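*Asks:* Protein chains in written order, with our numbering: chain L, 1 to 100; chain Z, 1 to 433.
These are computed hints drawn from the structure, not numbers from a lab. Remember, predicted model here, so these are calculated numbers, not experimental data.
Listed next, with one range per pair, are the computed distances between beta-carbon atoms:
id : chain 1 : residue 1 : chain 2 : residue 2 : range
1  : L       : 62        : Z       : 131       : 40 to 46 Å
2  : L       : 71        : Z       : 327       : 29 to 35 Å
3  : L       : 55        : Z       : 410       : 30 to 36 Å
Glycine included, each C-beta is placed from N, C-alpha and C at the ideal position.
Given next are the chains, with one letter for each unit.
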Amino acid sequence: MQRALAVAACVLLAAATVVRLKRGGGPYFERPATIVDHLGPREHEVHREILTLQRAAKTLPRCARVSVIPDDTPHYLTAIALLPDQVVVHGKADTVIDVR
Amino acid sequence: MRTAYAFVAAVVCLTTAMFWSNAVGWRWNPWVLLVFAALVAGFAWRHAPHPAFGHPLPEGEGVRKREAAFPPYEGVSRGRHTPLPPGEGGSRGKHTPLPPGEGGSRGRHSPLPSGEGGAKRRVRGVPLAIITFTLLTAYGTLTARETCADLLYFWGPKAVRFAAARGIDVAFLKAPDHFLMHPDYPPLVPLMYAWGAMIAGGFSYWAPLLLTAVLLALTALLVPGRGGVLMAALLAFGYAQALAAGTADPILIFFEVAALAALTFLDDARLASIALAGAAMTKVEGAAFVAVAIVAYAIVSRRPLRALAIAVAPGVLLGSWIAFARAHGLIDSYARGATPFVWSAQTLVSIARQASYHAYYLPWLAVLAPLVFAKHWKRAALPLLVAAGSIAYILFFYMHPDANRDFWIVVSAERVLLTPLAALAVAAAASSE
Numbered sequence: 001m002q003r004a005l006a007v008a009a010c011v012l013l014a015a016a017t018v019v020r021l022k023r024g025g026g027p028y029f030e031r032p033a034t035i036v037d038h039l040g041p042r043e044h045e046v047h048r049e050i051l052t053l054q055r056a057a058k059t060l061p062r063c064a065r066v067s068v069i070p071d072d073t074p075h076y077l078t079a080i081a082l083l084p085d086q087v088v089v090h091g092k093a094d095t096v097i098d099v100r
Numbered sequence: 001m002r003t004a005y006a007f008v009a010a011v012v013c014l015t016t017a018m019f020w021s022n023a024v025g026w027r028w029n030p031w032v033l034l035v036f037a038a039l040v041a042g043f044a045w046r047h048a049p050h051p052a053f054g055h056p057l058p059e060g061e062g063v064r065k066r067e068a069a070f071p072p073y074e075g076v077s078r079g080r081h082t083p084l085p086p087g088e089g090g091s092r093g094k095h096t097p098l099p100p101g102e103g104g105s106r107g108r109h110s111p112l113p114s115g116e117g118g119a120k121r122r123v124r125g126v127p128l129a130i131i132t133f134t135l136l137t138a139y140g141t142l143t144a145r146e147t148c149a150d151l152l153y154f155w156g157p158k159a160v161r162f163a164a165a166r167g168i169d170v171a172f173l174k175a176p177d178h179f180l181m182h183p184d185y186p187p188l189v190p191l192m193y194a195w196g197a198m199i200a201g202g203f204s205y206w207a208p209l210l211l212t213a214v215l216l217a218l219t220a221l222l223v224p225g226r227g228g229v230l231m232a233a234l235l236a237f238g239y240a241q242a243l244a245a246g247t248a249d250p251i252l253i254f255f256e257v258a259a260l261a262a263l264t265f266l267d268d269a270r271l272a273s274i275a276l277a278g279a280a281m282t283k284v285e286g287a288a289f290v291a292v293a294i295v296a297y298a299i300v301s302r303r304p305l306r307a308l309a310i311a312v313a314p315g316v317l318l319g320s321w322i323a324f325a326r327a328h329g330l331i332d333s334y335a336r337g338a339t340p341f342v343w344s345a346q347t348l349v350s351i352a353r354q355a356s357y358h359a360y361y362l363p364w365l366a367v368l369a370p371l372v373f374a375k376h377w378k379r380a381a382l383p384l385l386v387a388a389g390s391i392a393y394i395l396f397f398y399m400h401p402d403a404n405r406d407f408w409i410v411v412s413a414e415r416v417l418l419t420p421l422a423a424l425a426v427a428a429a430a431s432s433e
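Work out the full structure, taking the sequences as your base and the hints as a guide.
*Replies:* Structure (structure tokens):
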């Protein structure tokens, strides 16, 4: 009985995992552009910012002071994450990037 | 299992070396650290216990002695780890002495077809099932379906800055704009990611996502027999539903299960101590888990001095980090003890709602249903006590008023509750015949 229950539990958990992964939407077998591409039915709040900053990081000079619009917490922290060679600040900066 | 414990030792020793060397003013050399981690991993792998039997022992007498000390659990075949001489294969020692030539019998527990082939056939399904759940998680993480935003907001930036500074960047942690990254948060995860970034020449946000799948496999390998499959299934769903990939939670669960498995299946205090040290240095709630595990072990084993000895490594490591944070003015999370405890039924309801995992409480049912029919409750006493204790401290943390408490529960409860779930999965494995 215990073994049968454990097997049934594993099968149900596997099915629930597949359903949960499917909820992220397609395409299912393509390399995603960002690490937040399929987290839910709606676009993640920093999805566009990641794409923008990935491009910007290649052209911005080192140690440049950069800020992003909108200047809220998620976007600010994401900018810190994706611009390791620059100094990300709130408000006034050498370069202001609109990531909306 | 040996690989998993070697990984535990390597990660804890590597990050401790990084922290302590930086605390005395040295800058990190990733290649020296690589050699050090490889040596630790090799040493730990060499001396790690044999699955379900404790330390590797010679065939025959030694194995029987070990079996007497740690009764083996169903689904764990000695055959796959220590090939048996012809004619003696698979004997379960004192349970059922076998006539010569009848290798592979499991005695009265669950007879297998004669010969080693039976034993091999029985255990072959377990790694295959664990691999399947690992690949499912790898698919989910590498197609960006399980990412936790904290990787971008919290863990990743710290790792990038630490790697660039070749040390713990105190100025970065102290900056008022970075206060939301919790400057005094235990540093094991950023240190590990920073070391990877130094070795690779840059930080890839995909690497922590892939690591989540690797950790799932290693966590499952710590639990003997079919219990490992249940653990893999539980974590595969838990990580997908809670969006835990890339954060510290898979690493914390790994250390917690390593400690519980070391105490439950091996009664190995050294391994448990190292794993608990890792848990304490991974997340703030890791320290609470250490306290619960130590108290539970003292109660169950009735060896309070041994329990205290296990607490030495986590205590020294966490103490040194808190001292470092205090010396540099980084204290934040560890200074919140002054917040009053306020009982709230609404909070309880919110946590209960999140505990359903939007799947009708499936993870809870999956680990509790096998336990209902368990025949060896006593073996599961430690993980059951730890599960109860971890639920208690989770409720305690959430019962402290915070302006964003509801939001906090929604974004974290599913991840945090994986700790008691994992403890229950260990209990289910321990209680199985």
